[in-house]
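Trainee: For reference, the chains in residue letters:
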Amino acid sequence: MTITEKTIKDHGLSLAEYDEIKKVMAREPNLLELGIFSAMWSEHCSYKSSRRHLKNFPTKGKAVLQGPGENAGIVDIGGGLACAFKMESHNHPSFIEPYQGAATGVGGILRDIFTMGARPIAVLDSLRFGAPDNPRTKYLVSGVVAGIAGYGNCIGVPTVGGEVSFNSSYDGNCLVNVMTAGLVRKDRIFKGIAAGVGNPVIYVGSRTGRDGIHGAVMASDVFGDGGEERRPTVQVGDPFAEKLLLEACLELYTTDYVIGIQDMGAAGLTSSSVEMASRGNVGIEIDADKVPRREDGMTAYELMLSESQERMLMVVAKGKEAAVNEIFAKWDLECSVIGRVTGDKMVTIIEDGKVGACIPVTALTDGAPVYDRPSARPAWQDSVNTLDIDSIKLPANYNETLKQLVGSLNIASKEWVYRQYDYMVRTDTVTCPGSDAAVVRIKGTDKALAMTVDCNSRYCYLDPARGGAMAVAEAARNLVVSGAKPLALTDCLNFGNPERSEVMWQLKEAILGISEACRVLGVPVIGGNVSLYNETSGVSIYPTPTIGMVGLIDGLANHRTQWFAAEGDVIAVIGHGAPSIAGSEYLKVMHGLERGVLPEIDLAKEKRLLDACMAAIKAGIIVSAHDISDGGLAPALAESCFNPGGAIGAVIDVIGASERPDEFLFGESSGRIIVSVRPDDLEKLKTVTALFDVPCEAIGRTGGGSLVINGLIDMPVAGLKEAWAFAFGRYLGEMAAG
Amino acid sequence: MKARIYVTLKKGVLDPQGKAVVGALHSMSFNEVKDLRIGKYMEVELDASSKETEEVRLREMCEKLLANTVIENYRIEMD
Amino acid sequence: MKFGIIVFPGSNCDHDCYHAVKHVFGCEAEYVWHKETALAGFDCVILPGGFSYGDYLRTGAIARSSPVMSEVVAFAKRGGLVLGICNGFQILAEAGLLPGVLMRNRALKFICAPAHLRVENNSTVFTSAYSAGQVIDVPIAHADGNYFADADTLKRLEDGGRVVFRYSTVDGKVTIDANPNGSLSNIAAIVNEAGNVMGTMPHPERACEQALGSTGGRGVFESILKGFAGT
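Protein chains in written order, with this note's numbering: chain A, 1 to 738; chain B, 1 to 79; chain C, 1 to 231.
Hints are computed from structural coordinates only; laboratory data are not their basis.
The structure displayed is predicted, hence computed values, not measured ones.
Check before you lean on any hint, since a few could be wrong.
Incomplete in silico selection of chain A near chain B, CB under 7 Å [what the hints assert, rightly or not]: (1) Glu97; (2) Gly209; (3) Arg210; (4) Val234; (5) Val236; (6) Asp238.
No residue lacks a Cβ here, since even glycine has one placed at the ideal position from N, Cα and C.
With these hints in hand, go ahead and build the complete structure from the sequences.
Mentor: Here it is, written out as structure tokens:
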């Protein structure tokens, strides 16, 4: 059949890109080849709009064993062990079908981890939804949370943390970013590489159906099937199948049969086979007729482009096929030899016994287009960066304002969400959801990993570079206050349409901000993904570069939580940031405004703060530590009072607090941590912080049943906690039980 | 008036439940089972007089709530 | 004393049970693949939590026809100790080793949370290390833990002292508010008539180490060990 202009457009390719394809092929591609190009040259696989900017990320570090480019990054955690982790988005599918979209998002990132040889040990989710009163929001929240729970609980990987926030910029595009961390022996890391000409290519897992094949193509004349219902493109997750796949793969990894292994994620068999061949600098031949399928009559085109879940592709040593099959058979999994590694550096697809496609591997990978799309600071940026602070009325009642803030959905307890997640399975969860970072111990050692996902997208909207840097700094603080040294990060760069110059500007700026923070704080980027075109009816989401960071706690005794632990301890703030209500949660919740110039972030000072806090924790001085973030000082103090093991009040008296009490109580800034110490240890704390040139100010004492701040606030902790604990359940129409 | 509603997965959508049950039946030697798909069956009692208008409303119920039309089909039977 | 931990396809608390038995209590432990047909040499068999066969169709329904289950039934008949935790309890109920069923939670959602349990009977082989009426903290994590049995069965359970744990408040009051999932009479764990098979929805293996926040589940394992040492 001939390729028409419409066919090209339906495949999401431009005419210029099609001309490029003809050039590298030195002929017209056929439809199967066009499909393969369209998948490999898609934004998702090729990173064509972001690739040149991503090069700014620092990716090297002492602990880095695997940087970007593999299925997941890996860091050394000592003792012969390593941690593989990565975050990925599943935004669009979750908006269409929230349960299955989120579920398959979890399934996909889990495979990215266990394909590296690692056993997944923790999942975290960063979720963003539209305005709470948008008619679709509750449906999406319930569905996404249930989908994550349904998949993660079944497969038995604990969902230990995350974030949930709401903003009308997500009305037409919710964000579901899922991060998974896994544990692997340093000498048993596997990679997605094809090698050894003649070695068999093996397919294992669920059969291939017509899932997730590009909607536009499905609806096109070529594949339209008359009276029959339009075939769905929604993928359904099967966590049970994935559990079997996980256990079987881990069993396989104890042998020496595997040369390389890769999960079939986006663009399924196409991207997995091409990427494996590319990394090994070899060719690969796939016999489409041998691909296990769910339905009769599937074409090579469909088999190559299907995004059916719970499938893996691997190259094994020749002669080991039967042994490999035996392991998978034990787990009731089908496994088939569907091709072989070749020396010609071509991707060859056999259909009906004949060559159906033959493309140079490099044309699909290195040959993919790279764009330097135009970028420009948006015309509206200046106006949102203005804030006439004198026009902001001071609250009439600070108690009420605090209560309203801690009961606002972005700050309120997310227990309604995490109660639905099995966060304890594997019996390693030392810090349950609710503190700054989740902490998961490593059995057989005295170590633990701390993990967090963070981004304040309002900050990024007001200033993408500073917002990006602040996201990195916040993630690092969340780890350090938990007693962990940050090791590395993964990111999900969620942005609007890159063909708009202001979106490109946001993306470039955010990457620069993140990169700068990574360099100064010494935390390399070891993987991630980019999700563009998050735009509906011309409205783009706020720039949302979600940061997922992992840190190491060396010595479980060094692990801390945010909660005050005893009466009579001294409360101090360490750090330097001057609070501002610009871009704050307070300004949004109480005044309906999202504007202003973000407070400055001084990364060198941030670094010293991290080091000082770490040193004081290691010295055993700090009892509890909590990062001051959304909502500012007063909500952060309230959160420290809400110890799940028994609430503890606090009496705060700050001398020379800001002239504007709202700025003092609810202003936000990067670089401040609330700590509690035993009264005798305050001097030691001051000594340690002075060593790092970090300000330290004692602001009060723990104790009593109320939170009292400077004569402005005097609230029983129980009442505050009630407002905070049940807001989410009330919003979703249920009272949280217990 | 009574109605019966059958909600089934659309053709081509993976049915993990059905797949697992087929596997179990096979392991119990019910080898003749080639495929099995699991759906939902609902019995609805209605306080309505016109079959025609009620069918339209049942359809609406299915579209809005009873079926997830992204992945499911429904069929209505009325007495 | 030797524990066998049955591994069904989809079990996911098998490692946790193994860790508790082997590393926390220092006992011998071995995994038993569901296709095994012999349980010789084991003193106690644990059916761990998880989602056997994805819990598709009905929780525990497919697992109960796994090859190993007929041997588990025989093992129980011989007087061997059988402990079913969460999905294990559901499988034991489906297999008829314990009466009643575990229905979908009252709120229709999966619940993962700490729970207070009141020890109703400390004379069983699984609870002798507790004191009667003691309140322990053992977490729950399930979607189908809503215990139901008909009136006759419930009466037999109550009369026979076969309800071993009930969901309660922190001070031991058995109230509706303390019931997380809608279980009949706040039932969290029961034993069979002979007292050698226990099903519990709360996870004792998750509450054996202070590092994980609670040690309320230790008593279950200590009781089993105590009973074994006494034989």
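Trainee: Does Val234 (chain A) pass the interface check with chain B, least Cβ-Cβ distance below 7 Å?
Mentor: 5 Å, holds
Trainee: Quick check on the hint: Glu97 (chain A) CB to chain B CB, less than 7 Å?
Mentor: OK, holds: Glu97 (chain A) within 7 Å of chain B, min 5 Å.
Trainee: Under 7 Å is the threshold here; is the Cβ of Asp238 (chain A) close enough to any Cβ of chain B for the hint to stand?
Mentor: With Cβ-Cβ at 4 Å, under 7 Å, it holds.
Trainee: Go through the hint on Val236 (chain A) and say holds or violated, using the shortest Cβ distance to chain B against 7 Å.
Mentor: 4 Å, holds
Trainee: Taking 7 Å as the limit, does the beta-carbon of Arg210 (chain A) come near enough to a beta-carbon in chain B?
Mentor: 5 Å, holds
Trainee: Is the hint on Gly209 (chain A) kept, meaning its closest Cβ partner in chain B is under 7 Å away?
Mentor: 6 Å, holds
In summary, the structure agrees with every hint in the numbered list given earlier.
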